[in-house]
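Its first residue numbered 16, the sequence shown is counted upward by one per residue in our numbering.
Just so you know, these hints were derived from the structure itself, not from any lab. Incorrect hints may have been included.
What the hints assert, rightly or not - Computed list of lysine-lysine pairs in BS3-like fashion (alpha-carbon distance at most 27 Å, straight line):
1) Lys-265 with Lys-338
2) Lys-278 with Lys-233
3) Lys-440 with Lys-385
4) Lys-338 with Lys-278
5) Lys-218 with Lys-338
6) Lys-314 with Lys-218
7) Lys-278 with Lys-119
8) Lys-233 with Lys-440
9) Lys-385 with Lys-317
10) Lys-91 with Lys-119
11) Lys-233 with Lys-218
12) Lys-314 with Lys-338
13) Lys-265 with Lys-317
14) Lys-112 with Lys-91
15) Lys-233 with Lys-265
16) Lys-314 with Lys-385
What the hints assert, rightly or not - Label-pair distances were calculated between CB atoms; the ranges are:
17) Glu-221 with Asn-331: 54 to 64 Å
18) Lys-135 with Thr-94: 24 to 34 Å
19) Gln-382 with Ala-65: 33 to 43 Å
Glycine included, C-beta positions come from ideal geometry on N, C-alpha and C.
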Amino acid sequence: MAGRGRGCGGVSKPQSYRQSCINKRSTRLIGSASDDYIGEGTQTDIGSLATAYINNEVLRWAFQRAGQSPESVAEKLATTEARVNEWISGEQRPSFKQAQRIAKILQIPFGFLYLPEPPKEQIPVVEFRKLPDSSRKMSRDIFDLLSDIEFKRDWYRDFRIEEGFDELDFISRYNADQPATLIASDIRSELGRASNSLFVTRKNFERFLDEFIRAAEKIGIWVMRSGVVGNNTHRTIPIESLRGFAIADKIVPLIFLNGRDAKSAQIFTFAHELAHLWIGESSIDTGDLSDIISTGDQKIEKKCNAIAAEILVPSNEFVHQWKHRIELNDQVDEIADRFSVSRIVIARRALEQNFIGDQDYREFYLQEQKRWSEMDTSRIGGGSYYRTIPSRNGRTFTNAVAREAAVGRIMFREAGQLLGIQPSKVRELYERNSA
Numbered sequence: 016m017a018g019r020g021r022g023c024g025g026v027s028k029p030q031s032y033r034q035s036c037i038n039k040r041s042t043r044l045i046g047s048a049s050d051d052y053i054g055e056g057t058q059t060d061i062g063s064l065a066t067a068y069i070n071n072e073v074l075r076w077a078f079q080r081a082g083q084s085p086e087s088v089a090e091k092l093a094t095t096e097a098r099v100n101e102w103i104s105g106e107q108r109p110s111f112k113q114a115q116r117i118a119k120i121l122q123i124p125f126g127f128l129y130l131p132e133p134p135k136e137q138i139p140v141v142e143f144r145k146l147p148d149s150s151r152k153m154s155r156d157i158f159d160l161l162s163d164i165e166f167k168r169d170w171y172r173d174f175r176i177e178e179g180f181d182e183l184d185f186i187s188r189y190n191a192d193q194p195a196t197l198i199a200s201d202i203r204s205e206l207g208r209a210s211n212s213l214f215v216t217r218k219n220f221e222r223f224l225d226e227f228i229r230a231a232e233k234i235g236i237w238v239m240r241s242g243v244v245g246n247n248t249h250r251t252i253p254i255e256s257l258r259g260f261a262i263a264d265k266i267v268p269l270i271f272l273n274g275r276d277a278k279s280a281q282i283f284t285f286a287h288e289l290a291h292l293w294i295g296e297s298s299i300d301t302g303d304l305s306d307i308i309s310t311g312d313q314k315i316e317k318k319c320n321a322i323a324a325e326i327l328v329p330s331n332e333f334v335h336q337w338k339h340r341i342e343l344n345d346q347v348d349e350i351a352d353r354f355s356v357s358r359i360v361i362a363r364r365a366l367e368q369n370f371i372g373d374q375d376y377r378e379f380y381l382q383e384q385k386r387w388s389e390m391d392t393s394r395i396g397g398g399s400y401y402r403t404i405p406s407r408n409g410r411t412f413t414n415a416v417a418r419e420a421a422v423g424r425i426m427f428r429e430a431g432q433l434l435g436i437q438p439s440k441v442r443e444l445y446e447r448n449s450a
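Model the full structure from these sequences, guided by the hints.
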């Protein structure tokens with residue numbers, strides 16, 4: 016079966032057709048800083064003198080999209096902020112060479128600067144396009160992260176269809192109007208069949224999170240954990256912008272977790288995203304637990320928070336553990352350790368049971384929020400390269416891609432593009448993870 020490729024629509028196609036699907040990535044992911052229009056091969060002696068008649072409106076858009084200031088770009092170009100502002104306003108124009116460097120800094124194809132108007136970008140993941148406008152305002156890094164994931168998902172979905180993978184019946188099994196206890200019980204039951212010890216004996220945060228994820232993977236959920244865009248460690252994902260998201264696809268349901276977040280927070284986010292899958296609502300989440308009485312657009316988020324809390328800390332078990340005469344902080348610490356969850360989850364459960372008042376909860380939440388903001392999340396455990404890559408891409412996806420390359424059904428170059436690694440690393444990755 017060597018040379019066989021997988022088509023964009025799930026039908027087996029010649030290898031050249033599959034490669035054309037891969038090549039579409041450069042037009043989809045415009046944050047790749049590729050020089051698709053005019054390359055670096057231009058002679059620099061001429062380029063440094065020739066004027067680049069770029070569209071300043073596109074340049075202004077590129078600055079806003081990249082979140083870059085004229086000052087920061089001026090420093091990288093060894094010029095003045097005033098000069099950069101003149102380029103943005105259209106009063107002056109950069110040289111050809113300067114324009115090329117600007118495109119690289121702002122991470123757009125060079126040719127975009129000559130477009131008649133700024134391009135209209137569409138959110139890469141179709142399931143997210145129906146979200147309220149307030150949820151669509153995302154940073155360039157998150158936009159590019161979603162583009163990269165959609166590129167991977169296209170392949171993985173085709174792969175599963177061609178392999179005869181059945182639709183998962185637990186996706187969209189319930190709706191947001193049904194009781195949180197009912198949905199949480201079903202989630203615990205499904206995961207319990209994959210790991211009968213998952214909710215029986217809790218471990219430390221790291222071990223519980225790993226077992227939690229592995230149980231979900233065993234029932235067909237694709238789980239990615241990463242704190243960076245692709246494998247670019249210079250493009251980190253702030254937790255205040257994104258804690259996680261879920262795509263409720265019956266063939267390739269996906270949960271993404273921001274690996275920079277605290278392990279206890281990732282545990283709750285994961286449970287929250289599982290709830291989204293069970294009620295069939297894709298979502299991008301910041302993981303905010305402060306407004307527990309929100310309505311309207313936040314109705315689903317409120318329900319998923321309630322489901323997540325019930326998954327991790329069932330109300331009947333929580334009531335049994337609560338001791339009314341112990342000081343709140345000590346009480347929260349003790350029960351949080353017992354269930355391997357964050358302190359906020361326990362405080363929220365206490366509020367729901369009327370063990371503490373609304374004001375007590377809000378004060379506690381603000382204190383925890385401040386404590387989290389002071390935590391150093393810049394050094395998350397990278398670990399072994401051959402463990403980091405499966406975590407970032409998802410173990411099931413990584414194994415599928417590497418195996419297809421190892422047996423000759425796709426090219427190693429294609430596998431490298433899908434995993435974001437050098438083709439030469441793919442075989443060793445496969446062998447290490449198959450041992």
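Hints, verified against the model:
A threshold of 27 Å between alpha carbons decides the hint, and for Lys-265 with Lys-338 the separation of about 43 Å lies outside it, so the pair is violated. A hinted pair counts as satisfied when its Cα atoms are at most 27 Å apart, and Lys-278 with Lys-233 qualifies at roughly 21 Å. Distance hint between Lys-440 and Lys-385 is unfulfilled; the C-alpha atoms sit about 41 Å from each other, more than 27 Å. For the hint linking Lys-338 to Lys-278, the alpha-carbon distance of about 26 Å falls within 27 Å, and the restraint holds.
With a C-alpha separation of about 22 Å, the suggested pairing of Lys-218 with Lys-338 holds against the 27 Å cut-off. For the hint pairing Lys-314 with Lys-218, the CA-to-CA distance comes to about 32 Å; that exceeds 27 Å, so the pair is violated. Between Lys-278 and Lys-119 the CA atoms are separated by roughly 35 Å; this puts the pair beyond 27 Å, and the hint is violated. Pair hint Lys-233 plus Lys-440 holds up; C-alpha atoms about 26 Å apart against a cutoff of 27 Å.
Restraint check for Lys-385 and Lys-317: the C-alpha separation of about 22 Å stays at or below 27 Å, so the hint holds. Of the pairs offered as hints, the one joining Lys-91 and Lys-119 holds, with about 11 Å between alpha carbons and a cut-off of 27 Å not exceeded. For the proposed pair Lys-233 and Lys-218, the alpha carbon gap of about 20 Å is at most 27 Å, so the pair holds. Between the alpha carbons of Lys-314 and Lys-338 the distance comes to roughly 31 Å, so the proposed pair goes past 27 Å and is violated.
Distance check on the hinted pair: Lys-265 and Lys-317 sit about 23 Å apart at the alpha-carbon level, within 27 Å; holds. At roughly 13 Å between alpha-carbon atoms, Lys-112 and Lys-91 fall within 27 Å of each other, so this suggested pair holds. Restraint check for Lys-233 and Lys-265: the C-alpha separation of about 15 Å stays at or below 27 Å, so the hint holds. Pair hint Lys-314 plus Lys-385 holds up; C-alpha atoms about 26 Å apart against a cutoff of 27 Å.
Taking 54 to 64 Å as the suggested C-beta distance range, the pair Glu-221 and Asn-331 does not conform, at roughly 27 Å. A C-beta distance of roughly 30 Å is found between Lys-135 and Thr-94, which places it inside the suggested range of 24 to 34 Å. At about 59 Å, the CB distance of Gln-382 to Ala-65 disagrees with the hint of 33 to 43 Å.
In summary, the numbered hints that this structure violates are 1, 3, 6, 7, 12, 17, 19.
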